[in-house]
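Engineer: Protein sequence lines, in the order shown, are assigned to chains A and B. Numbering of the first sequence is given in the numbering used here, commencing with residue 74 and proceeding in unit increments. Numbering of the second sequence is given in the numbering used here, commencing with residue 74 and proceeding in unit increments.
Since the hints were made in silico from the structure, they are not lab data. Misleading hints may appear alongside valid ones.
Stated by the list, open to error - Reference excerpt, derived from the structure (chain A facing chain B, CB under 10 Å, subset only): (1) A158; (2) L309; (3) Y340; (4) H398; (5) H456; (6) F461.
Unchecked claim - Derived CB-CB ranges, DEER-like: (7) A:G257 to B:T165: 51 to 61 Å; (8) B:G441 to A:N472: 50 to 60 Å; (9) A:N93 to B:Q351: 45 to 55 Å; (10) B:G441 to A:D155: 54 to 64 Å; (11) A:D155 to B:K253: 32 to 42 Å; (12) B:D155 to A:I476: 23 to 33 Å; (13) A:S319 to B:H307: 51 to 61 Å; (14) B:G353 to A:N79: 32 to 42 Å.
Every residue, glycine too, gets a C-beta built ideally from N, C-alpha and C.
There are 2 protein chains.
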Amino acid sequence: MPVLHNIAQLATCPRGNPQNDAGLIANAAIAWEEDIIRWVGHAPDLPPEFRNEPSIDCEQRLVIPGLIDCHTHLCFGGWRGDEFALRIAGATYQEIAEAGGGINSTVTATRAASLGQLRRKAATILDRMLELGITTVECKSGYGLDLANELKQLEVYRQLNQAHVVDLIPTFLGAHVVPKEHTGSRDRYIDLLCNELIPMIARENLALFCDAFIEDGAFTGSEARRILSCAASHGLGIKIHADQLSTGGGAELAAELRAVSAEHLEYISDEGIEALAQSGTVAVSLPLASCYLDEAYIPARKLISAGVPVAVATDFNPGSAPSFHLPLAMTLACIHQRMTPEEVLNGVTTVAARAVCADDRIGSLLPGFRADLALIDAPSLNHWLYHFVPNACLKVLKNGKWI
Amino acid sequence: MPVLHNIAQLATCPRGNPQNDAGLIANAAIAWEEDIIRWVGHAPDLPPEFRNEPSIDCEQRLVIPGLIDCHTHLCFGGWRGDEFALRIAGATYQEIAEAGGGINSTVTATRAASLGQLRRKAATILDRMLELGITTVECKSGYGLDLANELKQLEVYRQLNQAHVVDLIPTFLGAHVVPKEHTGSRDRYIDLLCNELIPMIARENLALFCDAFIEDGAFTGSEARRILSCAASHGLGIKIHADQLSTGGGAELAAELRAVSAEHLEYISDEGIEALAQSGTVAVSLPLASCYLDEAYIPARKLISAGVPVAVATDFNPGSAPSFHLPLAMTLACIHQRMTPEEVLNGVTTVAARAVCADDRIGSLLPGFRADLALIDAPSLNHWLYHFVPNACLKVLKNGKWI
Chain A
74 MPVLHNIAQL ATCPRGNPQN DAGLIANAAI AWEEDIIRWV GHAPDLPPEF
124 RNEPSIDCEQ RLVIPGLIDC HTHLCFGGWR GDEFALRIAG ATYQEIAEAG
174 GGINSTVTAT RAASLGQLRR KAATILDRML ELGITTVECK SGYGLDLANE
224 LKQLEVYRQL NQAHVVDLIP TFLGAHVVPK EHTGSRDRYI DLLCNELIPM
274 IARENLALFC DAFIEDGAFT GSEARRILSC AASHGLGIKI HADQLSTGGG
324 AELAAELRAV SAEHLEYISD EGIEALAQSG TVAVSLPLAS CYLDEAYIPA
374 RKLISAGVPV AVATDFNPGS APSFHLPLAM TLACIHQRMT PEEVLNGVTT
424 VAARAVCADD RIGSLLPGFR ADLALIDAPS LNHWLYHFVP NACLKVLKNG
474 KWI
Chain B
74 MPVLHNIAQL ATCPRGNPQN DAGLIANAAI AWEEDIIRWV GHAPDLPPEF
124 RNEPSIDCEQ RLVIPGLIDC HTHLCFGGWR GDEFALRIAG ATYQEIAEAG
174 GGINSTVTAT RAASLGQLRR KAATILDRML ELGITTVECK SGYGLDLANE
224 LKQLEVYRQL NQAHVVDLIP TFLGAHVVPK EHTGSRDRYI DLLCNELIPM
274 IARENLALFC DAFIEDGAFT GSEARRILSC AASHGLGIKI HADQLSTGGG
324 AELAAELRAV SAEHLEYISD EGIEALAQSG TVAVSLPLAS CYLDEAYIPA
374 RKLISAGVPV AVATDFNPGS APSFHLPLAM TLACIHQRMT PEEVLNGVTT
424 VAARAVCADD RIGSLLPGFR ADLALIDAPS LNHWLYHFVP NACLKVLKNG
474 KWI
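This is chain A alone, in the form it adopts within the complex (with noise of 0.2 Å):
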């Protein structure tokens, strides 16, 4: 039962907390037994029977659960750096993708990717973001479009939980976009999902969530009811991707589907907010697409203030939020989402683990809870978010073994 020591400042992060207290403990110590939490507490406080087990000194520095990072698109062929040039010359996203650059790009790049180099590339961002702390990445599809190029995008999740240390949480995103192919026959794509690949998807468990995009140039409210409510009917669980360049009533879908999570949600109206706090509904932020786009930022102190849980996440994709920095989206989401410390960390451990139904098993530093952690470079959790480095994370600890 090895145990960590001299820990300036441990976040336990408990489950069901107010969003800002992250359970903060001084001087405190942490033990565990193969891939499970045994104790945590202030040092001084340390059963006997952890006193004589391998201890390592933290030299008076931070330690956090390992990061959730619940929303990327994690699997993706190309990049689109020099649509990023684009945009700073003043074209907006969507003039890009009407121009034949954005989603569909990625599509057509996806399409036509192996198998296995997709696996490759997606396993080099695992290895660097499980650097940063990040020990479970929630990863959608959406590049695929097609029945084949869909489950290629799954497959690949699915390989890489198998083969990869960093466990990884896949959402079918079939409703991303609809493919070129199908601009004229958007029904017809719609069947496609509801018909052929969501049933066949929850059946082989290639995903434990479905996830569609409203918006304009995406799906309309009323297409993203029926192709969620096909996903619920089959046992998936349900994200929405709402309200992110204007309102446009996902919040309130979300809320009535008794969706776990509704992401982006930088344009939610106030009778939205209102919807999610009812429904229990947890709200992604997303401040690296904020920040990219140069456009608004999730209103976190509404949300938090109506009593709605508040996580953050990277997005991570080759068009709106070409990062897998979690840390930096942290300070982001202190700086222009006015979330303290606290409730940003909560943020992407507990709240994160919520909005991937598995807060009763990650996202916690507490008995029972699985042993994963992160050892920071930094004596507070004030500290570690307002002086961004590199990285600062120094250790991590995933099912209990050190990486």
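Starting from the structure of chain A, add chain B where the hints point.
Structural biologist: Here is chain B on its own, set in the frame of chain A:
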């Protein structure tokens, strides 16, 4: 004469180029001898005398000049992470300063620290800057604010400039704020600067530049004129912290005094822009400060259109910009200052070199310039600044030697 080959893209960043032309060469090679670049160009044109030299394969990556961070407050005691949480809760930078935090709290910590403590702390930061590809750093005093402690900071820079491979450009910023003990005797403090510190610092070559912070709560324009005119008469170059939080005539004063650079400029007036264009002063933009303070960014497009060269720097300091991550500042300059990747790269190389009067020897990868360069793990400049990773710098060459 070592050679780098198989470079996907090399940025020469010629001195005096239009800001949007970084002199990019596809399929490039570069050769140097001792600490000086001897040849750069298209790989097929490599002259015969270089063909049998030791050669390193860059595997289709990007090569750039060593980065120049032309505005930092490198040496300081303590940190101010807890102020960060206060700012998130809504306190302004000026309110925190008035409540006893802010610059004056760093002055207290810097005075309390020994020269050795300050040197070790700054050396650690320089190590990490170098890992990011930064080979030259401008560094300001201004946390001592009395004779002994301003000299202590400048002595840290003198010692580090000898001991550390990164080149330091020291700037005297005694006119950062009026120290607490002189609140009721501002003129006596300015007398101290003009009659004792500036002559001594110039005589002992402890700084190349003198800077002054013109702002409510810092110095007035007429106070700055007196201090900087004195510095100029002692042979120091002039820099000004101007128009950061309000429009205060700082840019116009910079032009009047023919300052080398005017820094911040978030609230520069149209008249200020015109004045800088006339005087040939470099505008130093500090996007990390704008980001951390959730304040305006510099109007870079207006400045560039008017013919003012715009550098990009971190402003690394423990209050308003507690990060030395220059590539993050670069990505933010693209997104929020609407500078193209080529404009930004020039802004951290040849234009930054001009801001420290060194653009005749650093900041360009051309024959005769110093062999300071970085190998970046990206296939192009656009890709590097778009796909933000913890640190994309793979190797750094300083004075012709690999670090």
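Engineer: Honestly, do G441 of chain B and N472 of chain A meet the 50 to 60 Å range at C-beta?
Structural biologist: Once the Cβ atoms are compared, 56 Å apart, the range 50 to 60 Å for N472 of chain A and G441 of chain B holds.
Engineer: When you take the CB atoms of G353 of chain B and N79 of chain A, is the distance between them in 32 to 42 Å?
Structural biologist: At 55 Å between Cβs, range violated.
Engineer: Is the hinted range of 45 to 55 Å satisfied by the C-beta distance from N93 of chain A to Q351 of chain B?
Structural biologist: holds, 52 Å
Engineer: Closer than 10 Å between Cβ atoms is the bar; does H398 of chain A clear it against chain B? Give me holds or violated.
Structural biologist: holds, 6 Å
Engineer: Can you tell me whether the CB distance of G257 of chain A to T165 of chain B sits inside 51 to 61 Å?
Structural biologist: Since the Cβ atoms of G257 of chain A and T165 of chain B sit about 55 Å apart, the hinted range of 51 to 61 Å holds.
Engineer: Quick check: does the Cβ-Cβ distance between D155 of chain B and I476 of chain A fall within 23 to 33 Å?
Structural biologist: Distance hint for D155 of chain B, I476 of chain A holds at roughly 31 Å.
Engineer: Under 10 Å, Cβ to Cβ, is where A158 of chain A needs to be relative to chain B, so tell me if that hint holds or is violated.
Structural biologist: holds, 5 Å
Engineer: Looking only at beta-carbon atoms, does the pair S319 of chain A, H307 of chain B fall within the given range of 51 to 61 Å?
Structural biologist: Because 59 Å falls inside the window, the suggested range holds.
Engineer: Next item in the hint list is L309 of chain A. Is there a CB on chain B closer than 10 Å to its CB?
Structural biologist: Nearest chain B Cβ about 31 Å off; hint violated.
Engineer: Please check whether Y340 of chain A passes as an interface residue: C-beta within 10 Å of a C-beta belonging to chain B.
Structural biologist: Interface hint status for Y340 of chain A: violated (19 Å vs cutoff 10 Å).
Engineer: For the restraint on H456 of chain A, tell me whether the closest CB of chain B is nearer than 10 Å.
Structural biologist: Since chain B brings a Cβ to about 4 Å from H456 of chain A, closer than 10 Å, the hint holds.
Engineer: Please check whether G441 of chain B and D155 of chain A have a Cβ separation lying inside 54 to 64 Å.
Structural biologist: Between G441 of chain B and D155 of chain A, where Cβ atoms are some 33 Å apart, the hint is violated.
Hint violations for this structure: numbers 2, 3, 10, 11 and 14, all remaining hints satisfied.
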